[in-house]
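Protein chains in written order, with my numbering: chain A, 1 to 395; chain B, 1 to 315; chain C, 1 to 362.
Rather than coming from a laboratory, the hints here were simulated on the basis of the structure. Idealized CB from N, CA, C, for every residue including glycine. Check before you lean on any hint, since a few could be wrong.
To be verified - Label-pair distances were calculated between CB atoms; the ranges are:
1. R247/B with P38/C: 46 to 52 Å
2. A230/C with P124/B: 27 to 33 Å
3. D308/A with L21/C: 49 to 55 Å
4. N82/A with L21/C: 41 to 47 Å
5. F219/C with I275/B: 53 to 59 Å
6. L21/C with D137/B: 34 to 40 Å
7. G234/B with G191/C: 40 to 46 Å
8. V198/B with G239/C: 32 to 38 Å
9. L292/C with K382/A: 48 to 54 Å
Chain by chain, the residues:
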Amino acid sequence: MPDRNMSFPLSRRQVVRGLLATSAFGLTAKFGTGCSQPTPTGTGDNKAGGKDYVVGFIYVGPKDDFGYNQAHAEGAAAMAKNVPGLKLVEEASVPETTAVAETMRNMIQQDGAKALFPTSFGYFDPYILEMAKEFPDVQFFHAGGLYQDGVHPKNISSYFGYIDEAQYVAGVVAGHTSKSGKLGFVAAKPIPQLLRNVNSFTLGARSVNPKITTQVIFTGDWSVPVKEAEATNSMVDQGVDVITCHVDSPKVVMETAEKRGIFCSGYHANQSSLAPKGYLTGAEWDWSSIYTSLGKQLIAGKSIAKGDIPHILRGGLADNFCKLSPFGPAVSAAAKADAEKALAGIKSGQLTIYKGPLKTNTGKLILPAGKDLKITDIELEKMDYLIEGVKGSVK
Amino acid sequence: MATEALGWWGVPLAIIAGTLRGSVPFLFVSLGECLTEKSGKINLGLEGTLRLGAMSAYGVSYLCAQVLGVGLAPWLGVLMAGIAGMGLGLIHGWLSQQRRVNDVAVGIAMIIFGSGIANFLGKPFIQPQAPQLATLDVANWSSLPQVQAAFKISPLFLLGVALVPVLDWFFKSTRWGLYVRAVGDSPQAAKAMGISIVKVRLASIVMGSFLAGLGGAALSLYYPGLWTERISSGQGLMAVALVIFARWQPWQCLWASLLFGGAQALGPAFQSVGIDSYYYLFNATPYILTLVIMIFTCSPQRTLAGAPGALGKED
Amino acid sequence: MVHQSWQRSLESVLIPCLAVLAALVLFGGFCALAGANPLEVYAAIYKAAFGSWNAWQNTLIRASPLMLTGLCTALPARLGLVIIGNEGALVFGALLAVLVGLACGSGLPGGLVIGLMALASLLAGGLWIMVVGALRHYRGVNETISSLLMNYLAIALMNHLVEGPLRDPNFVTKPSSYEIAQTAWLGALPGSRIHFGLIYGALACLIAYFLIQRTTFGFATRSTGENIRAARMAGLPVGQLTLAICFLGGSCAGLAGMVEIAAVQRRLNESIVSNYGYAGVLVAFVSRHNPLAMVLVSVLLGGILASGGILQRSLNLPDATVLVFQGIVFLCVLYSDSLYGRLFSGFFKKIDYKSVAIHRAR
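In isolation and in its complexed conformation, chain A is listed as follows:
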């Protein structure tokens, strides 16, 4: 094929050398320009234009999962809407690996974010802790973590809602509604936040009828629809007639419960449209109000490190961290009355959920009679037991 060589007068060696040279140049040029930049520290550069206050939100799953992530994303959207001068950057489906550290870094350095809200539990240790150390001028807000004074960097605030208060009230409603005296709880993994929900739901129900039990089934993961449906079905087969859950997307549990003709109690968001007959009430997050108030404080120049914003930010029904879904049609007048009473008691601080005598379901005494644990007690954030009346084990 001589004509082919004709159209290609360069020798092979020249071509290869040229290719290597150009690509090597490209590489070194990139490295070179990168290195010559000053190492960015603090709040990063001025690419944001210096006008808007940039806030970054990071979610572990899709923003529209009809559950945990969506609740946060809606709160973030409300914050951006209600606080003028605040700009939102978001990234979804960020796994709890180096990926989240890189995302935080990019939000700070490229987007100029001055405050970050990485919303998944697992982002906290080690990723947020490290980033907070590296960027002391950026404010880090984490949902669900536990800030330890003196151990963790000063620019971290961990916030979370005592949604177990709402679960307690939902438990009261469930206790009134259940005929079989058996409640069901579809759970993902035995972490303290989740165990608090199981226990307070049970305590709420047992405040109405001390004989009530709650069956808990762990699916082992935050989102496994087939297992969640299977767990719901098998509990219904065992006579459970009110079911609630703590998984990332409660839709499947609600729909399955409705199909089986039993009652359900929602979680994360209002799912009443999924179960028009059986939906009793639900424990919902109310991030909009919290995020809006935090956004206003941030715009006003308040900071965690200076102590304007507390390191541990917690609140329950009274502080609008969470709320209850409106009662469904199946809720009786008596149940409503008791639920309202419990709600008022919790809001005013008269009603304590965790009070002695309180035993675990293995018979260990947690609280002797006369003692109680306030909802704010840090001890509760390390909960590793199921109380008497819950069927299941955390190993």
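Fit chains B and C to the given chain A structure using the hints.
Same frame as chain A, but now just chains B and C:
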């Protein structure tokens, strides 16, 4: 209608019910994979096909509910799921037959691609409720609501079961079935017979993906009956193992699918009667079971009975 | 013959470039359909993946586990085995590394603990995949399927242990093992935030390359991979080779697990399962099981992963976009393999090679 506890009887009932409910996607995907593998190619990408099928079925059912009514819309969804599956199958069938291209690698790339498309297009369908396929309630004679609920059988299940003898007959007694087997067993001989290997394999993979798409529709329109990005937790990948488990025979695909569907119910059913440790290990039973059975039934001296000769070999 | 060999070298540069280019065009079309400007998308991807030293670090951090997990498929593939058990080997390696790390505590010097953890993970991952090889050789069990099943087994075992005996009750955000001592943490390369895993990965690829291409063992492996009957007849110890190559491949994936623990996560939990394994399978196939090419392909995939964020943040594309992008790139690159030896006889007959070559080199 007093709901009574079934106690320990709940375990076998849950397994039977779980079998009827959970086996449908397994059945379709494994029949599809069976057809594909019979022609001598593996399609690991059926996991992606399953997801795209689930999304398409749910989306179409939701969007057409107004026009077609709640009875017909899901069926159009089922059809669309199959067509979407065929689209992915076309890519896989064409790509995996290129020179030097490995079908396992294409399969994994297709999982990523299929899930990507499904997640991308499926965003608007996570929240709304789409009309579901009507079920055949065959146990309304029973006074126990648990039994009634357990035997709400999906028409897709019956369709899948009906497909089993059809596929069996297809392989054994039809000219086209013979072509597929010939291409899968000894491509050289098939070529000598004047059969186009490329066309037969493409057709097998596309039809296999059609079936897998229907399996996806079973996930989103029957059980668990919704669209989320995590709807399939590996059922598509498992089906590949399941076909080997079933020795490439449609009837055995049916039994194996029933077994795997039932095994899914094992973990939750045991927890509901108080056996609550080791649930991760219970959830892994289908995988362990398959592995153990493969270890005991395989032999190094001969290939597995029924194994397509050209499977896993580069041409 | 002379120009055939330059054709081959030119092809090996041109084909992957063309494949990536084609993928970019397809993805650009996809983005245009989704309402984003393709040019903006390209600029954003470049900026996020390779546009600055900062972006390069991001890319390299994401690339380093892929080099190691890729070897788990690439090495056995040279013997003709298709193994996709990378995820399982990684998890099992991480599990053993954590066990050893915790057993050592903080009493021993850090370097020693790191060495022991690495050794444990190498052994664990290696044995994990060696089981697959043994099942293949002695029982004739299909290695692709058995390794796939063993992934689920490893993950179930890990989850069971971190929720049971290994669980640290004071770590509240998710069920996790105790943390390994700070002395045993794997640091970053000087002047960067890239952890030592990158060096481990690149070194492992280099060693693997020499092992396969330059040693008798490698030759025997390749011969067996090409024709197992001939290898048997030539008296090659096929069984031993199978076990050895599976062990080596698995040990690399195991080491990836140890690096992930020691350099990033510091304790074991479900986050260890983050698709490094399956991505590694693709890296291996895309680089045609050539360990040196794997380094480049890992960096490419690292870049794609690194650009996932900016597509969401700057262009408002949904999170699934990066999955679509990955899928398109892999399909294009896999397809491009079939073009070797056909490029010049087929499409490019009438094209001026000089301009093509120089254009692509830029």
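Going down the list of hints, with the structure as the test:
1. R247/B with P38/C: 46 to 52 Å: holds, 49 Å
2. A230/C with P124/B: 27 to 33 Å: Taking Cβ atoms as reference, A230/C and P124/B lie about 57 Å apart, which means the hint is violated.
3. D308/A with L21/C: 49 to 55 Å: holds, 52 Å
4. N82/A with L21/C: 41 to 47 Å: This hint holds: roughly 46 Å between Cβ atoms.
5. F219/C with I275/B: 53 to 59 Å: holds, 54 Å
6. L21/C with D137/B: 34 to 40 Å: violated, 57 Å
7. G234/B with G191/C: 40 to 46 Å: Taking Cβ atoms as reference, G234/B and G191/C lie about 42 Å apart, which means the hint holds.
8. V198/B with G239/C: 32 to 38 Å: holds, 36 Å
9. L292/C with K382/A: 48 to 54 Å: holds, 50 Å
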